[in-house]
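J.: Position chain B relative to chain A; hints supplied.
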Amino acid sequence: MSVRQSPAWKAIEQHAATVMEKSTLSQLFTQQTDRFECFSVQADGLLLDISKQRINAQTLELLVSLAEQQRLDHWIEAQFSGEPINSSEGRAALHTVLRAPLESRAAVDGVEVAAGVHQSLDKMEGLVERIHQQQWRGYSGKPISDVVNIGVGGSDLGPLMACHALEEFRLDAAQQLQLHFVSSIDGSQLSELLKHLNQETTLFILSSKSFSTIDTLANADTAKRWLAEKITNPQVLLQQHFIGCSASPEKMSQWGIAEANQLLFWDWVGGRYSVWSVIGLPIALLLGMTGFRQFLAGAHAMDLHFRSAPLASNMPALLALLGVWNHNFLGTRGHAVLPYDGRLKYIPNYLTQLEMESNGKSVNRDAEAVDYDTCPIIWGEVGPNAQHAVVHVLRQGTQPLSCDFIAPVLRYRGNTAAGTRDPLQQQQQLTLANCLAQSRVLMLGDQALTAQEQAKLTRKDQHYPGNQASTTLLMESLTPFSLGQLVALYEHKVFVQAVIWEINPFDQWGVELGKQIAHQTSAAIQDRDYQFGESSTDGLLAFIRGVADQKVNPQAELNTGQQEGEI
Amino acid sequence: MRVSVYGSGLTALVTAWALADVGNEVLVLPDSATSLAELQRLALPFDEPGLADRLRQQLSNGRLRWCVAESEVFTHGEVHCLALEADALAVGEALVKRLALAASTPIVLVNQSTFPVGSTQHLQQLMFQARSERGLNPDVVCLSLPSFLQEGAAILNFTRPQRILLGTDTNSGLQRVRELLRPFNRNHEQWLLMSTREAEFSKYAINGMLATKLSFMNEMANLADQLQVDIEQVRKGVGSDSRIGYDYIYPGCGFGGLSFSEDVMQLAKTVESCVEDSRLMSAVLDTNRQQKELLFRKLWQYWQAEMRGKTVALWGAAFKPGTDRIDNAPSLVLLQALWAQGVKVRLYDPKAMARVEQRFGQRADLCCCDDPYHALQGADALLIATEWKEFWSPDFSRIAQLMPSKLIVDGRNIYDPSYMKSLGFTYIGVGRSSGFLTAG
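Those sequence lines, one after another, are chains A and B. Just so we're aligned: the first sequence equals residues 1 to 567 in the working numbering. Just so we're aligned: the second sequence equals residues 1001 to 1440 in the working numbering.
The shape of chain A in the complex, shown without the other chains (with noise of 0.2 Å):
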């Protein structure tokens, strides 16, 4: 029997068209002054707002009943534990691990895990150290000074996404080390950065879980033809410019990664889920080990509060469980997030991932098709510049719409440029209104103004009716630990809509496929007789050929206004 038939399914789908379709944001607030009390959770210095979504206390324990007869802390207590619950692939899922102290227990087949992981953090700090100190040396034996990041999703994402976040964090002995991320297949960024970077000096990290994800190895080989361009040593080479990051030790030793230089994790951490392993390298290297660990520590905490709070007052429970309410329940066509500070630039773009990898998915664990829809589209941007763009579909669009806003309350104590601190404190004021004031837009619409404001709107198109929900995630200030709390937060939020949704959100196996197809039609576009027998693809393909044979005439280079020049 699907989820939709089921009797909590229904109970809501009857709350939700006999009673909360017709009530609007501002009526709930009329005829409930304690929404706020009634609606927010706070816990670790994290608030978590959902009084501006379309919900009333009965609303709540609905959804509580759909996660409950979901058998939610069932599942919960699988996942920690190790059990295999990634079913597809016959796998656990214990990012969870990557992050608790070392006496935690939990087994993948038997065998506990926690001290390899440790072991691999220790490792990694070594590492860490080495460069640190100036005396992880290039070839010629002066100190790496630039670290190029070579992996693509959950190998560069993360990392990237937390470093860019936690900048002001970096450690003094990282201030001469340059942090790069490349990950586009097509060696856009690689390209340009290798124009100005140094062979002496720079040092590779080679990010697959896998390590034979086409995109990053592609990268490394224009990598690996750039210093063979220096170093005729071809171990020298490999040794000391190259690190590898993967739970696949035999592929890395295949491709030449030095065995003192392999970092390891293991195939029950899901790519997207690594950023708390040894693919969280650039990270430490910029925060030291001692940031890092306090990273892991605010997505432990995170853990231990999903494990143990009540879900009516449990944040990833919630966040899920609203999701879950707007999009199958009120018909939410979409859900943005909405960061309120530049730092957190990349959270959409990581958490469009997570969520979309792990969730897009139109069969439950028995391989069996949905009659529901799973993941929406999720979006997002720093919020006061989506307030220039995407968030007027909210305002004023004709879909209903969810968001997410966040934000850091304090930021600018201290760190600063000269003369600027009280200026940015203002700013930091100043985007904190916009936050609270988009979001109060949203709900209220022109209600948000005062009648004698409403008063001037005479024009009809400057009517905005408003009723779009809204979470509003606080923390007190943006750190390593409250950056790690964030991300597990909505880690498990996907994996309670998954458990609602009956899906597996640790495989991709939509990935694999188009690796596959990607393989063979490469193959393709030298094979110059190669048809698919599909015509769109076979004229795309006839167009390739025909524009690259032009550009391999010599004469059609001269003709694009190359000339030889005289000395």
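For the record, the hints were derived by calculation from the structure and aren't laboratory data. Heads up, a few of these hints could be off.
As the list claims (entries may be wrong) - Using C-beta positions, here's what the derived DEER-type ranges look like: (1) B:Gln1358 - A:Glu89: 54 to 64 Å; (2) A:Arg421 - B:Ala1102: 39 to 49 Å; (3) A:Gln429 - B:Gln1358: 51 to 61 Å.
Claimed, not checked - Dumping the calculated SDA-like pairs for lysine to any residue here, alpha-carbon to alpha-carbon at most 25 Å: (4) B:Lys1344 - A:Trp379; (5) A:Lys224 - B:Trp1303; (6) B:Lys1310 - A:Val236; (7) A:Lys224 - B:Glu1306; (8) B:Lys1213 - B:Arg1297; (9) A:Lys142 - B:Ser1433; (10) B:Lys1320 - B:Thr1212.
Backbone N, C-alpha and C define an ideal beta-carbon position, used for all residues, glycine too.
T.: Only chain B this time, still in chain A's reference frame:
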């Protein structure tokens, strides 16, 4: 004249001795880091040839005395000489405020410490203020007498100065200081008078210039390595131009020393914070930082990054011959770089080994040897970081016997590449690619 000297560094003690030697009554208040008992035993915190004996002489005739009672030293001097370490400005500030209240006027303070430009004026202001607040006669004058003493030659530098550069902002006090220094101004008129700020800045600029010459020459040496020329020949060519001269153009593995290096760093900081777009001094320092690692890098390249488990003999730890000081010495950088790669080091230095042991403590990968040849036992290479006289003409056949690899990396260019080649050594110098020869 009665003179009070504050400090126990090289400048303070040489000043105290030289002034006592010409008949003054000198009281010395050591800085708080130095133990009086050690001073009394003449166990000095640095090694300056001949200084201890000379101090003993003046102590025994009673013209020189150590003193710990501020009240005594403050009221003793007709001239007060402040010669603290460069990083002790805060100590100096507190000291002169107490001095201002205790001494009888007129107070004449000569600042010999290398403090930031403007400090002498600042100290005078502090003393003036301290007295004014108590309603005392604010008759205080501070002069600046930058120290140009070179470690190893400090006594001669003080008693036979090339010039006496004195900074003063008023005429008061000048006569008294000129009188004090008169005995050292006998050959010809060496007075160079300017404002205190100008005097302080001159000191910085001189050191900056010298450092620039050194770093420039080191950069030339690194180019010479790549262009297959011997920098030693080039150095002679360059030095023969009288506009440049032969001093401070010896290429090598970097300069160190407490006062010199730190003065240049201080200058670079001052220039960076006060002047936009000035990059020369930081480039000079950066070149020097790189240069200190040079011997390590040459070895790293020679061994193709395979260094783990190797043993290296290191001759010389002091930042220059004749001293036991290791402040900012290239040897410190070398030791850490070698250790980080899992290399064991057998060190020999005639004077500075105790300081190295004091700094790094006991460690399995450091063996201090009491003989240069002992250091070579089991070594895969010999590095030379300080040009002590005893290293110039060693028993090469004994070296070859003790160290079958016959690999020498010479950071001070003290050997002749062609002779080393004839002996079958692999000899790597600084900027001597023509001598970059592989054995057999």
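J.: A separate judgement is required for each hint: does it hold in the structure or not?
T.: Verification of the supplied hints:
For the hinted restraint 54 to 64 Å between Gln1358 (chain B) and Glu89 (chain A), the CB-CB distance of approximately 59 Å keeps it satisfied. A beta carbon spacing of about 42 Å between Arg421 (chain A) and Ala1102 (chain B) agrees with the range 39 to 49 Å that was offered as a hint. As the Cβ distance of Gln429 (chain A) to Gln1358 (chain B) is approximately 54 Å, the hint placing it in 51 to 61 Å holds. For the suggested pair Lys1344 (chain B) and Trp379 (chain A), the alpha carbons sit about 57 Å apart, so the restraint of at most 25 Å is broken.
Only pairs whose Cα atoms come within 25 Å are accepted, and Lys224 (chain A) paired with Trp1303 (chain B) is accepted, the gap being roughly 22 Å. Restraint check for Lys1310 (chain B) and Val236 (chain A): the C-alpha separation of about 17 Å stays at or below 25 Å, so the hint holds. For the suggested pair Lys224 (chain A) and Glu1306 (chain B), the alpha carbons sit about 20 Å apart, so the restraint of at most 25 Å is met. For the given pair, Lys1213 (chain B) sits about 23 Å from Arg1297 (chain B) by alpha-carbon distance, which is consistent with the 25 Å threshold.
At most 25 Å may separate the alpha-carbon atoms for a hinted pair to count; Lys142 (chain A) and Ser1433 (chain B) meet this at roughly 19 Å. For the hint linking Lys1320 (chain B) to Thr1212 (chain B), the alpha-carbon distance of about 18 Å falls within 25 Å, and the restraint holds.
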